Amino acid sequence: MRNPQSGQITVEAFLIVTLLFSTVFAGTRLIRDQQLLSRLVQGPWQHLAGMIENGYWGSPEVGRAKHPNHASRHGSPEGDRP
Amino acid sequence: MSLKRTLQNERGILTLDFVFASMLVFGFSAILFSFAMTFSIVEVVQYISFASARNYSLAHLNSDKQKERAQQKFDELSTNPVLTPMITNGWFSLLPVQISDFNDEYSPSTDSDIFVGVRIPFSAPILYKRIPLIGTTGNSPDGFQANINSFLAREPTFIECRDFIEQRAAQLNSLGYDFDPSSVRIMMDNGC
Chain A
10 MRNPQSGQIT VEAFLIVTLL FSTVFAGTRL IRDQQLLSRL VQGPWQHLAG MIENGYWGSP
70 EVGRAKHPNH ASRHGSPEGD RP
Chain B
3 MSLKRTLQNE RGILTLDFVF ASMLVFGFSA ILFSFAMTFS IVEVVQYISF ASARNYSLAH
63 LNSDKQKERA QQKFDELSTN PVLTPMITNG WFSLLPVQIS DFNDEYSPST DSDIFVGVRI
123 PFSAPILYKR IPLIGTTGNS PDGFQANINS FLAREPTFIE CRDFIEQRAA QLNSLGYDFD
183 PSSVRIMMDN GC
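Protein chains in written order, with my numbering: chain A, 10 to 91; chain B, 3 to 194.
Source of the hints: derived by calculation from the structure; they are not laboratory data.
Treat the hints with caution; some may be incorrect.
Partial chain B-side listing against chain A, Cβ under 10 Å, derived [unchecked claim]: (1) F28; (2) G29; (3) T40; (4) E107; (5) I116; (6) L135; (7) T138; (8) G145; (9) Q147; (10) R187.
In this text the structure is predicted, and so the values were computed from the model without any measurement.
Beta carbons are placed, not taken as given, at the ideal position from N, Cα and C, and that holds for glycine.
So here's chain A without its partners, still in its complex pose (with noise of 0.2 Å):
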């Protein structure tokens, strides 16, 4: 007599075997799509480039009017007129 059972483990790990690769590959072209990992670290090099060149957190482009060499170093003992 035949046993029921054979062969069912192997059905069972290429089913599950399957099932986690199409998992991975589908979270890995999600992140490439997404471009996930451009985003973590080109993203924030775009602020990181404002506070190099300007001192200020933002895109150079916006950090060039924040520029700490616009601030008024006058200064009065009678202070600021109004």
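Following the hints, put chain B in place on chain A, whose structure we already have.
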């Protein structure tokens, strides 16, 4: 091997786990290392720009001489044997230094033209990495650029001072006072 023992057999799962985990750990460690190196080199280049701007700011015979002194300082520091390996191995790169007046690039609302100094275009291709399965850290190695600036302004040169004083003397002479213009002697001190 019985069915029960087959289901309990976990040999190899640790290797598989290690492969995936080590790939991610090494990938993110490389990114953190790259950022640490980038910040260190940015600090060094920031000092180079500051030292060059300081040489540019000091008075000299004319503006070309001031630029020449700044360029000399930049060349001296950027070719230092400690720094050279870092900017020639492909991790970082410095484009030719710009020594100029950058006021036009900044907000015109400022009433003080102090955006004069040195700019060093800096690039960090080290931050561009391709990690297996999850992609790249940027669009291209050229995507990580920044300008490193030092704006220390510039003192007037000897020729600019002389021209200014001669122009002022000519205007005083043109006021019509009763004296011989040829008797006027211009005496320059150490500044304008």
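Okay, the hints, checked on the actual structure:
1. F28: At about 14 Å, which exceeds the 10 Å cut-off, the nearest Cβ of chain A leaves the hint on F28 (chain B) violated.
2. G29: 9 Å, holds
3. T40: At about 8 Å, which falls below the 10 Å cut-off, the nearest Cβ of chain A leaves the hint on T40 (chain B) intact, so it holds.
4. E107: OK, holds: E107 (chain B) within 10 Å of chain A, min 6 Å.
5. I116: 5 Å, holds
6. L135: 4 Å, holds
7. T138: 6 Å, holds
8. G145: 6 Å, holds
9. Q147: At about 7 Å, which falls below the 10 Å cut-off, the nearest Cβ of chain A leaves the hint on Q147 (chain B) intact, so it holds.
10. R187: This interface hint is violated because 37 Å lies over the 10 Å limit.
The structure fails to meet hints 1 and 10 from the earlier list, while all remaining hints are met.
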